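Asks: Here are the chains, one letter per residue:
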Amino acid sequence: MTLTAASRATLPGRHLWRTPEFTLGVIAVAGFLALAVATGGNLLSAGTLGAFFRFLAVPIVIGLSQMVVLAVGQMNLSVGALTGFCAMASAWLMLEAGLPAPLAVLAALLLGLAVGVGNGALVVLTRINGFIVTLATMTIIQGLRYGVNGPDTYQGYSAGLREFGRASILGLPAVFLVAVAVAVLVALFFGRTVTGRQLLASGGSPFAARLSGISHDRSLIIAHGLSGLLAGVAAVLTVAASGSVNATIGDDLLLPSFAAPIIGGVALAGGMVSVTGTLLAAFLIRLVDVMQAQFGINPRWVDLIIGAVVLGAVLLGTVRAKLQERST
Amino acid sequence: MLTAENLVKTFPGVRALDGASLTLHPGSVHALLGENGAGKSTLVKLLTGVYRPDGGRITQDGQELHFGGPLDAQRAGIGVVHQERNLIPAFTVAENIVLHHLPSRAGWLDRRRMRAEARRCLELLEVELDPDTPVARLSVAQGQLVEIAKALSLDSTVLLLDEPTASLTGDEADRLFTVVRRLRDSGHAVVLVSHKLEEVFAVADTVTVLRDGRSVAEAAPLADFTQGQIVDLMVGRAFASVRLAERTVDEQAPPALQLKDVSTALGHREVSLAVRPGEILGLYGLVGAGRSELAKAVLGLERITGGTVEVHGRPARIRSVGEALHRHRLGYVTEDRKNEGLFLEQPVSRNIAVTVWRRLARAGLVSDRRERDLAETYAQRLGIRIATPRQPAGELSGGNQQKVSLAKWLAAECDILIVDEPTVGIDVRTKAAFHELIAGLAADGLALLLISSDLPETVVLADRIAVMSDLRIVGELDNDHDYQRMSQQIIRLIHAETHVEGGVSAA
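Protein sequences, first through last, are from chains A and B.
One point on numbering: in my numbering, the residue at position 3 of the first sequence is 3, and numbering is uninterrupted.
If you want my numbering, it's the 1-based position in the second sequence plus 1000.
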């Protein structure tokens, strides 16, 4: 058997410039520079730049939250609602139950984890498609989220937490650095740990995984649990960065949660993740957001653009798979 | 008259057909015979436009035919009933029959014409079925008749039946053959692809035998042959050339894997088997006999309802592949390597390391490097041809993929291996190399259960051969590696079984 040039090109680690991540990186840098020029350098001022990265934190984490379930070929429609619910719950714990901030943060994370594991267990026990299960739990969680404090807003909770939300380290917002650290951990999880690899194996081929001694059910529960935990992280970052929370938190997170991994090159069918791609895609979406704010574009157009890009990214993935098939 | 001349069809790594010819006359039943992997299904798919030939030609009454797709073949009057079911359960009998050419008026479905057309096709078969019954309510045999009606709905003059009786009872098969004879008498050419020689001799007039993708008998009158002669043609005699490792089985050692009167939720009844270290036990049977399912029951993937499984003399209750692997060092090389054996998009290194990640991990972390080292070790040991361990498994040839699928169990240091159809879809030369490899593993002391429906392979490799038919072991033979005798005995065992079960009655 001879190895063709086409097959060699698909080997990871070679031809960096042909990876989707490289393309995304180039677009991100070009887009950022273009926007900096278009705003007459305004984007590069300390205040604007800080805000840019501060509000990039949640989209990154929420994108990763969706990515971990995509890895096993599942979807989690409840990520946005869950983020809002965890945010409301932690605010309630601090303001009404008088819990200190660190414990409230921990509680938010555990709540996210628990709901995620619940999602996974439901998928495994009922054998109902994860899309349907999380559609149902999303609706339930939306109700719970509203139940915490009705339509009212929580504010004036832990000064320390809000301080952390505004803090910068080496010129970068602390919440953004937390998001990047979480991304590194997720990358390490999938790249190097046994469990992470088992998740990817399950997602890539459930049958082959099962026949290699990997429990598919276990993979599903872990992925959903991790997704919930990451939604909890997003909730904590929201509470810290925004200074006030109400029952609408998370409503606008569902599309971005899919947009980041899908534009980032993650396969919808499972078995493959890209943390770098998800990060860069979240960055790009944030650029579009800033552009909208800077030029006073109707926000509906932004949704339209992001929707179109997601569709394009999926289409591109399909075309790429077809081309690869043909070349082997 | 439909003829195929010297058809050639190559798939990546395999030459499935290498000069297959066939001639069909109207008003006759033609049997297409051959071992598994001889190319029967490929030939059927070329004749019905599913694949396009790489060489040779198909002609009808002297005119060459080129099919762009299955519909072209149907339009040329060639209908087919594939082995797997192709009906839509929620649709009615009539809707299924005329599915490919639904009659319409101004864009609306013309239900009256649809029913009339369906009734016409069913009458051709002299079958009484209500065209408005949903297919989901029909029996398997009735569904098959609907498929035949569907195949005839475009005025087909040629009808191909691929293993039509595989899931029918004896009575149902008899009724099917009544229909086949009726079609023959009305001038159709019927091609019958079958494993069951008894039924072939009962209904067919002429025969084509395929071996290794070539026609070794073409359009010969069946009356000129005995069943034994047909078997000889199918298996050939050119297999003795393989050099296999010498091995000795310790008759005193307790069996590495033993099944005692095992029954399963799938219907296996009191299956008993034993494999000793260093031994290869062949488990032969036709497709659908329940061999892979038995293996999966042993691995805990299907429920065992009775009897015991023992590993090295101790009762083992295995609930998952993980337990089989980590507690009993029992591995299973699947027959379906693309879906069940490999992660096609993932590197070869991960495909091999998947069973041993825990062992490779340091402080919970696995390094790609250690995976690659492991892969390189096994690539060398098994002769897997890879450019780099990073290469996705899907890019390898069939034989190399199969070696990767095997390597993960060796990496996990399994000493009992269930090997399911190890050479399916692999060309003849690679096959021989694979046989040497398997014999070598037994010589190293592994206990192997070889599931195969490839008769020559079973006779070449196995020390003993257990024959399974219809979810039961119908006999066990000591293998003296004499082809003629072994194959005759085995085929007789299977046929005795179909007979007892109320099988085919000779006409």
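Keep in mind that the hints were calculated from the coordinates and are not lab data.
Quick caveat: nothing in here was measured; it's all calculated off a predicted structure.
Hints should not be assumed to be uniformly reliable.
Below are the EDC-like pairs computed for lysine to aspartate or glutamate, each with C-alpha atoms no more than 20 Å apart in a straight line [claimed, not checked]: (1) B:Lys1196 - B:Glu1172; (2) A:Lys322 - B:Glu1345; (3) B:Lys1296 - A:Asp217.
Cβ-Cβ distance ranges computed for the label pairs, FRET-style [what the hints assert, rightly or not]: (4) B:Arg1052 - A:Ala293: 36 to 46 Å; (5) A:Gly243 - B:Gly1364: 32 to 42 Å; (6) A:Leu323 - B:Phe1091: 29 to 39 Å; (7) B:Ala1090 - A:Ala293: 44 to 54 Å; (8) B:Phe1091 - A:Ala308: 35 to 45 Å; (9) B:Glu1084 - A:Asn129: 33 to 43 Å; (10) A:Gly31 - B:Gly1068: 38 to 48 Å; (11) A:Pro102 - B:Ala1090: 56 to 66 Å; (12) A:Ile169 - B:Gly1364: 21 to 31 Å; (13) A:Leu323 - B:Leu1099: 25 to 35 Å; (14) A:Thr139 - B:Thr1308: 44 to 54 Å.
Over the 10 Å line for every Cβ pair with chain B, so calculated as not near, a few chain A residues [claimed, not checked]: (15) Glu21; (16) Ala46; (17) Glu163; (18) Ser212; (19) Pro299; (20) Val302; (21) Leu316.
Ideal Cβ positions, reconstructed from N, Cα and C, are used throughout, including at glycine.
Asks: Hints first: check each against the structure and report whether it holds.
Replies: Consistency of the hints with the structure:
A threshold of 20 Å between alpha carbons decides the hint, and for Lys1196 of chain B with Glu1172 of chain B the separation of about 15 Å falls inside it, so the pair holds. A C-alpha spacing of about 13 Å is found between Lys322 of chain A and Glu1345 of chain B, which places the hinted pair at or below 20 Å, so the restraint holds. With a C-alpha separation of about 18 Å, the suggested pairing of Lys1296 of chain B with Asp217 of chain A holds against the 20 Å cut-off. For the hinted restraint 36 to 46 Å between Arg1052 of chain B and Ala293 of chain A, the CB-CB distance of approximately 57 Å leaves it violated.
Between Gly243 of chain A and Gly1364 of chain B the C-beta distance comes to about 38 Å, which sits within the given range of 32 to 42 Å. A C-beta distance of roughly 36 Å is found between Leu323 of chain A and Phe1091 of chain B, which places it inside the suggested range of 29 to 39 Å. Between Ala1090 of chain B and Ala293 of chain A the CB atoms are about 51 Å apart, so this pair conforms to the stated range of 44 to 54 Å. One distance hint, 35 to 45 Å for the beta-carbon pair Phe1091 of chain B and Ala308 of chain A, holds here, with the actual separation near 37 Å.
Taking 33 to 43 Å as the suggested C-beta distance range, the pair Glu1084 of chain B and Asn129 of chain A does not conform, at roughly 25 Å. Taking the beta carbon of each, Gly31 of chain A and Gly1068 of chain B are about 46 Å apart, inside 38 to 48 Å as hinted. For Pro102 of chain A paired with Ala1090 of chain B, a C-beta distance near 57 Å keeps the hint of 56 to 66 Å intact. Evaluation of the 21 to 31 Å hint for Ile169 of chain A and Gly1364 of chain B yields a pass: the beta carbon distance comes to about 29 Å.
Here the CB-CB span from Leu323 of chain A to Leu1099 of chain B is close to 33 Å, well matched to the stated 25 to 35 Å. Under the hint 44 to 54 Å, the C-beta atoms of Thr139 of chain A and Thr1308 of chain B, about 49 Å apart, fit the expected range. Here Glu21 of chain A stays apart from chain B, with its beta-carbon at least about 17 Å from theirs, past the 10 Å limit. Its beta-carbon lying about 39 Å from the closest one in chain B, Ala46 of chain A satisfies the requirement of being farther than 10 Å from that chain.
Every CB of chain B is more than 10 Å from the CB of Glu163 of chain A (nearest about 35 Å), matching its label as outside the interface. Against chain B, the non-interface label of Ser212 of chain A is violated: not every CB pair exceeds 10 Å, the least being about 5 Å. Distance check on Pro299 of chain A: its Cβ is at least 38 Å (rounded) from any Cβ of chain B, clearing the 10 Å threshold; non-interface status holds. For Val302 of chain A, the shortest C-beta to C-beta distance to chain B comes to about 34 Å, beyond the 10 Å cut-off, and the non-interface label holds.
At the 10 Å boundary, the C-beta of Leu316 of chain A stays outside the reach of chain B, the nearest C-beta of that chain being 17 Å off.
Checked against the numbered hints given earlier, the structure breaks hints 4, 9 and 18 and satisfies all the rest.
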